[in-house]
Amino acid sequence: MRRVIITWAVALAGVVALWAGGVSWLNATVYSPQALVTDYLEALEDGDVLAASAIAGLEATPAVSPVAEAKLTSIAITGVQDTEDNRVLIRAEYLMADTAESSVFTLSRQGRVWGLFDQWEFSLTPTATIETTLTGLDRVIISGLGFPTEGSLNTTVLVPGSYTVEAKTQWLETESYTAVVSEPASVWSVDLRAQPTSALLDEVNLALTEYLGECAMREVLQPSSCPFGVQVTDRLYTLPEWSISQVPAVSLAPTNDDGTWDMVALGGRATIDATLQSLFDGSLRSYSEVVSFGLTGDVTGIDSNSPALRID
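So the sequence shown is numbered by this note's numbering: it starts at 55 and just counts up by one.
No lab work stands behind these hints: they were computed from the structure.
Glycine included, every Cβ here is placed at the ideal spot set by N, Cα and C.
A few of these clues could be false.
Listed below are the simulated DMTMM-like cross-link pairs for lysine to aspartate or glutamate, each with C-alpha atoms no more than 25 Å apart in a straight line [claimed, not checked]:
1) Lys222 / Asp256
2) Lys125 / Glu185
3) Lys222 / Asp311
Here are the simulated distance ranges between beta carbons [what the hints assert, rightly or not]:
4) Glu264 / Ser230: 29 to 35 Å
5) Glu237 / Ala114: 17 to 23 Å
6) Glu268 / Gly200: 37 to 43 Å
7) Gly321 / Glu264: 16 to 22 Å
Generate coordinates for the entire structure from the input sequences, incorporating the hints supplied.
Below, the structure written as structure tokens:
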């Protein structure tokens, strides 16, 4: 009888040891902080921002998603470190758009399920902030999604992720910036300044060319409200003929009014041809002169569909 009791005791001890070992194994794998980070990253890998946000413990899903073309792949947990404040740092390495990147996540234990299995959560939320400053436009585009802004905008995004920031309309645009945001609680600051698009410069140059063409059609020495003209001492024998030999180069600069830009055009040349009669002896001579000119003005209505050029 004693042998039977000992046998059952040994068996029971073995079961308890096996059960305890199973719990320990589950806490080291399925219920480990590494598993939570892996689940989070795999949700991002699948493009499931909603699931990733839930795993991260966010109350709301960020409005901006990572750029889909910069796919997250080859996830690997490469480091685990306990901290003095009972947190755990998890280092993950991965490829994003075929480029090696890494992130460090901070987690803490939040009790146990049934008193046995560890529960973990991100104590440092795996999000970052894109801090955008915009000059010259009132709408910024982050990874394809537009946001109205009055100069500055802070946007929360999941990490890791590749994000693009730009601003553009038909007439104005900024440089486009792309970055991989990989560290939780980091801030990516982007300063955007609007510049004229090629379409706007084409419109201004067309309007300027038409204006100068009208000036060149006037058969006078000094066309009224035009940037060029000459004076001669002899008498005109034939009406003068103007031609624009070089259209001035246009540059635009912003003003305090987002819908108006200053215009400066320099390096223009106009040629005048005529026949002059000498006041002294009545002889005739051909006259030709190249006149350099520049002009200023402004372009209005840039915030509309029809910008207009006004010459000073």
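So, going through the hints one by one against the coordinates:
no.	hint	result
1	Lys222 / Asp256	holds (17 Å)
2	Lys125 / Glu185	holds (23 Å)
3	Lys222 / Asp311	holds (17 Å)
4	Glu264 / Ser230: 29 to 35 Å	holds (33 Å)
5	Glu237 / Ala114: 17 to 23 Å	holds (21 Å)
6	Glu268 / Gly200: 37 to 43 Å	holds (40 Å)
7	Gly321 / Glu264: 16 to 22 Å	holds (19 Å)
In summary, the structure agrees with every hint in the numbered list given earlier.
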